Amino acid sequence: MNELPVTVRHRDGSTARETLCVSRIVNCGRAWREPPAEEHRDGWAQHDQGPEPLVFPKPAHLLTTDSEVWVNTRNTYGEAEFVLFPVEDAVYVGVGVDAKDRRAAGFDLHVGNSTVPSVVGDEVWVLDDVRDGWDDIELRSWTGSGGEWEPYQVASLSTFLEPEPFLDAVESKLGASLEGTAVWSSTVGTVDDDVQGPNPYPSVREEGFYAAQLFDPASNRRLVTQFDVRVNDWIPDVAP
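Just so we're aligned: 97 in numbering that gives the first Met the number 0 is position 98 of the sequence shown, and the numbers increase by one with no gaps anywhere.
Keep in mind the hints are simulated off the structure, nothing from the lab.
Please note: incorrect hints may appear among the correct ones.
[Unchecked claim] The calculated label-pair distances, taken between Cβ atoms and stated as ranges, are: (1) D65 to E17: 16 to 26 Å; (2) A59 to A89: 16 to 26 Å; (3) P164 to E17: 24 to 34 Å; (4) D167 to S144: 33 to 43 Å.
Computed from a predicted model, the values in this text were never measured in an experiment.
The beta-carbon is built from N, C-alpha and C at its ideal position, and this holds for glycine as well.
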């Protein structure tokens, strides 16, 4: 069980401290309302799980709100996503960067999901507070190194499955309640892609810094997270 202290920010401006008890991480793929064009589906059948979305496990301890992530190689890449946290009487909405080791993920996605922590912000919204304007919420990310920020990804949440059928589909695939689960939304293309919307194989970057944001124009509120990637290179004769 991974316990994450967060601040719940309500639409009326009030806040509350909560501890999210996360026993399972579900990384989803292809959780979009419309699939990409046929010409952008190379390798589409590689992960055939029946109806979308795809679901992949990630160990629960690899979820953090830290501002630094320590890794052993320079192959770490990240993708911005929204994250849903179903609890007993609500669903919380967060923003995060799902991080993986590119080399390990290329060899075996399950291995790639077991090597690098994923980072979420330490503030969340209540889904019911933002549901009416859900489609207008914007997911945006930046990356870079040396203090330089560069645009990386952008999409409105209208790109993704609506939250209720999305959670229902994930729960059906797991065959168990989602309470205590961090459900990651899947991601979109990057600024380096011809297709910046639904894209099963975005052109990800291996950088030293990532930031992600959810912006709700209806309430002028935002959720943010950012972190540095640090490499354990303190053994001189081992190349990271």
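**Q.** Structure-inconsistent hints, enumerated in ascending order
**A.** none
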